[in-house]
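*Asks:* What follows is each chain in one-letter form.
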Amino acid sequence: MSDYIKLDSEKISEGVKTITELGGHGILKCVQCGACSAVCPGVKAGFPVLCRLLIKKVLDGQLEEMIEESSSWGCQACNRCTEVCPQGVRPQEVVFAFRRYQANELAFSTSAITSQMNLHSYGHAVFSDARELRKKVGLAPEAPTSAYNEKAQKEIQTLLENSPMGELGLY
Amino acid sequence: MAKVGVYVCHCGTNIAGVIDVEAVRAFAEALPEVVVARKDLFMCSDSGQELVKQDIREGLVDRVVVAACTPRTHEPIFRAAVESAGLNKYLFEMANIRDQDSWVHPDNPEQATEKAMKLLASAVGKASRLKPLEDKYVDVTQAALVIGGGVAGISSALELANMGYTTYLVEKEPSIGGIMAQLDKTFPTNDCSACILTPLMVDVGNHPNIKLMTYSEVEEVEGFIGNFTVKVRHKQSYIDWKKCTGCGDCAEVCVEQTKGRIPDEFNQGLSPRGAAYIHFPQAVPKKAVVDAANCISCKGHKFGQEPKISKKTGKPMIAPCQEACPADAIDRSQQFDPNGTIEEIKVGSIVVATGYQVMDKKWFKELAPDSPNVVTALQLERIISATGPSGGKLVRPSDQQKPKTITFVSCVGSRDENFHTYCSRVCCMYMIKQARLLKEKYPDLNINMHFIDVRAAGKEYDEYYTGARKMGINILKGKVGGLEVLPEDRLRVLAYDMEGAVPIEYESDLVVLATAIELPETAKKLAQATGLQFCGSHFYRELHPKLGPVETSVRGLFLAGCCQGPKDIPDTVSQAKGAAAVAAVPLAQGKVKIDPIISEVHAEKCSGCGICIPLCPYDAITFRMVADRPRAEIDMTACKGCGVCTTACPSAAIILHGYEEDQIYAQIAALTA
Ligand SMILES: Cc1cc2nc3c(=O)[nH]c(=O)nc-3n(C[C@H](O)[C@H](O)[C@H](O)COP(=O)(O)OP(=O)(O)OC[C@H]3O[C@@H](n4cnc5c(N)ncnc54)[C@H](O)[C@@H]3O)c2cc1C
Ligand code: SF4
Ligand code: SF4
Ligand code: SF4
Ligand code: SF4
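For the protein sequence lines, the chains are U and L, in the order given.
Note that this note's numbering numbers the first sequence so that position 90 is 90, with each residue one more than the last.
Note that this note's numbering numbers the second sequence so that position 433 is 433, with each residue one more than the last.
So that you can see chain U by itself, here it is in the shape it has in the complex (with noise of 0.2 Å):
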């Protein structure tokens, strides 16, 4: 990326298309309060463009020069960010609108292998066992997950080996 951006009309109004049209829909209504990253955890873990960076580049008219960016692959569907939203923007929407985005341009940062490959194997692209502390505190251990269901596992396995994802080799 150059040091410097051209505010281009026509690529911006591309990019807010390309993710409104990709389930990002309150892409526009974004003020840029920047309350949203002050809660994210993936922010938090070294993933600055999410949520509210994410926004403002697409804003910017970077969606094509973002598409290596593996920020988004950082994000944990936590919904912090929508709950804390003044404007109603559904960030983590517009965050899951860009990962299409990427992964219909077959776009993947490395970071993103891993949770590809938890994504094939369990069915959730970040897991973890959550068992012993789920006893604790008086649940049973076991979610009704894909995560501790084989069969499940197997269809999820065998839509990804499918999917255009198959062609890129990772499972």
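Since the hints were derived computationally from the structure, they do not count as laboratory data.
Because the structure is a prediction, the values reported are computed rather than measured.
Incorrect hints may have been included.
DSS-like, lysine-lysine: derived pairs with alpha carbons at most 27 Å apart [claimed, not checked]:
#1 L:K259 with L:K362
#2 U:K44 with L:K365
#3 L:K577 with L:K346
#4 U:K44 with L:K477
#5 L:K136 with L:K605
#6 L:K477 with U:K57
#7 L:K404 with U:K44
#8 L:K470 with L:K402
#9 L:K365 with U:K29
#10 L:K346 with L:K172
#11 U:K6 with L:K477
#12 L:K404 with L:K365
#13 L:K567 with L:K524
#14 L:K470 with L:K393
#15 U:K56 with L:K477
#16 L:K362 with L:K567
#17 L:K365 with L:K402
#18 U:K57 with U:K11
#19 U:K29 with L:K477
#20 U:K29 with U:K6
#21 L:K131 with L:K593
For chain U, the structure is supplied; the task is to place chain L with the ligands on it using the hints.
*Replies:* Just chain L with the ligands now, kept in the frame of chain U:
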């Protein structure tokens, strides 16, 4: 036959850009009643009006129709022109071919032109049947009412009283002063709020023309501009204000008896008050009240009952407040009406200045509202105020220790779809003020301020803000996302530095929330009593956002201060003085005009059936005895000319002047031709 003159306006390209003005003019010229039809680029210009005047003066026309923009703004202009040329101004009719035609049909010029012809023919049909009407006048009561005794109400009341009018000032709390009385110092000059407000409050208390009614509320408003009848409820204070000297002895014993359970609203709940209390030290009037809902009737001494006799001592057991009062102002044995008393007053105009409330912190769950060290900015005003609970010493509520780090959070409930989408306008500035005052007093204090952006638009405001930066106050762009409560009531701030694009986390001892300004729920009650309306932001709606900022849709009712929208003190006072000036207009004139386009009953045709009476939305119709029989009669000062009665009368005894039957039929005929 009437001689109708028709004048078609181009309104620049507003009308002519869509409608074929010449075709419309030619069409008009061919109408049988029309003697002359002209057109002009701007009919409302001097030269346009001159066309009309000349035709009248020359005796060419005796009815005038202007086809142009809208009667809402321009009818008065053309009526005045017609009148100045010597014709009765009600022999004028307007055809709306801009707002209702060219503006709504820009894509269909042909049909728009056709519609303009119909609208014009309809106006001509009506105009040729119009009758001259006369304006009527009624006398006004030369007194004013101001509702709400904050700095807005105080400023309005003083202006009106200085003009010489008797002015009633009704305030629901025991003292006037409003929120300004709760503030420590005020931006942008940092003068002490009490120092500049107290003298005004004292002036109000002493002014020979001001009738101060505190601890009172407006219950009912009836009548119209110039002649309002208002019912004011004086709440029951349970203390004889004629005797009370404001010494506060009752309040002092009571706060002990009630063991600090009653939060003091003036100190924003940071300290207790008694059930018997004085609003605040500089109160005007400085009188005590007993808040009966919180009174525990010490020693069983209930209101309206003689004290019990002690079995031990044989003496009466008198409540401590009564015993403490050196002025004999408390006599609990009296029969009190808990509802207080109602007084009826008559005024010619009313200024509403009921102010605002700040949002409670409880709504913001992500901002640790249960922590004692999270306070609203108004609470901080009390903490740093010399009359506040800590005598002006900066302490954090959890342990009364001086904080080392203090955090300011902007836009809490403002600029937020979940609460209020508007900007509260004053919080950026008052937070900067609070930070500056604290930094001056405690230079080692670490102050972090988090803004979406800083709004400092006002005379000398930006300089005040940049001054804060120079003082070493940390100003950060980025909204605080959350607060986490740590052990021992410490707080972790989750923030973001927009410029550096990095998250920020740190521990803070005291966090101040700039919660939004809004109208309280009780604002609805006053709206119902007065006919006030609300705007989209749920403040009282002014007549016009630019040209009628203090007027309302109810004639004779005006707005001042934050009840119309968030503002700082300079703007509040400017608006309040403006409101006083316009409220004085009907009083100064001594009479108000009654529009003659209202309904009238022909007593000889009225059968006395009474159908019209309950239908009138303004209660303007009553029965009057005419030759021993009841006949409907319409109060011309109450009638608004809606015409409901006219259409309902089975005897066709009611006419609506300016909208008579033959006039309306002529319009319909033209529109359906
Ligand atoms: C924390 C904080 C700090 C501020 N600091 C500054 C500052 O430094 N400088 C500055 O310029 N501005 C400041 N402001 C803004 C300032 O408070 C307002 O501009 C000002 O108080 C508005 O005055 P008002 O008379 O419109 O309303 P209020 O002060 O709210 O007065 C309204 C009065 O009407 C009474 N009332 C309400 N309803 C009724 C009713 N139905 N019947 C009878 N009476 C009724 C109320 O009891 C009250 O006394 C600050 C605001 C806040 C919240
Ligand atoms: S959902 Fe993603 S972007 Fe939003 S706060 Fe959580 S990790 Fe950050
Ligand atoms: S919280 Fe909402 S409005 Fe604020 S920067 Fe994030 S997405 Fe934009
Ligand atoms: S009786 Fe008097 S002192 Fe006791 S609570 Fe009531 S007001 Fe206060
Ligand atoms: S004045 Fe400042 S803090 Fe208050 S709502 Fe507006 S921008 Fe936010």
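*Asks:* Assess, step by step, whether the Cα of K57 (chain U) is no farther than 27 Å from the Cα of K11 (chain U), and give holds or violated.
*Replies:* Holds, at about 11 Å.
*Asks:* For the pair supplied as a hint, K56 (chain U) and K477 (chain L), confirm whether the alpha-carbon distance does not exceed 27 Å.
*Replies:* holds, 15 Å
*Asks:* Quick one, are K567 (chain L) and K524 (chain L) close enough, alpha carbons at most 27 Å?
*Replies:* holds, 20 Å
*Asks:* Can you confirm whether the C-alpha distance between K346 (chain L) and K172 (chain L) stays at or below 27 Å?
*Replies:* holds, 19 Å
*Asks:* Does K136 (chain L) pair with K605 (chain L) here, judged by a C-alpha cut-off of 27 Å?
*Replies:* holds, 24 Å
*Asks:* Run the distance test for K365 (chain L) versus K402 (chain L): straight-line Cα separation, threshold 27 Å.
*Replies:* holds, 26 Å
*Asks:* Below or equal to 27 Å on CA atoms is what counts here, so check K259 (chain L) against K362 (chain L).
*Replies:* Roughly 25 Å separates the two Cα atoms, so the pair holds.
*Asks:* Given the hint that K362 (chain L) pairs with K567 (chain L), does the C-alpha gap stay at or below 27 Å?
*Replies:* Answer holds: K362 (chain L) to K567 (chain L) is near 24 Å, not above 27 Å.
*Asks:* Compare the distance between the alpha carbons of K470 (chain L) and K393 (chain L) with 27 Å, and conclude whether the hinted pair is satisfied.
*Replies:* Holds - the C-alpha atoms of K393 (chain L) and K470 (chain L) are around 24 Å apart, at most 27 Å.
*Asks:* Mind checking the alpha carbons of K477 (chain L) and K57 (chain U) for me, to see if they're no more than 27 Å apart?
*Replies:* holds, 18 Å
*Asks:* K44 (chain U) and K365 (chain L): Cα distance at most 27 Å?
*Replies:* holds, 21 Å
*Asks:* Run the distance test for K577 (chain L) versus K346 (chain L): straight-line Cα separation, threshold 27 Å.
*Replies:* holds, 22 Å
In summary, the structure agrees with every hint in the numbered list given earlier.
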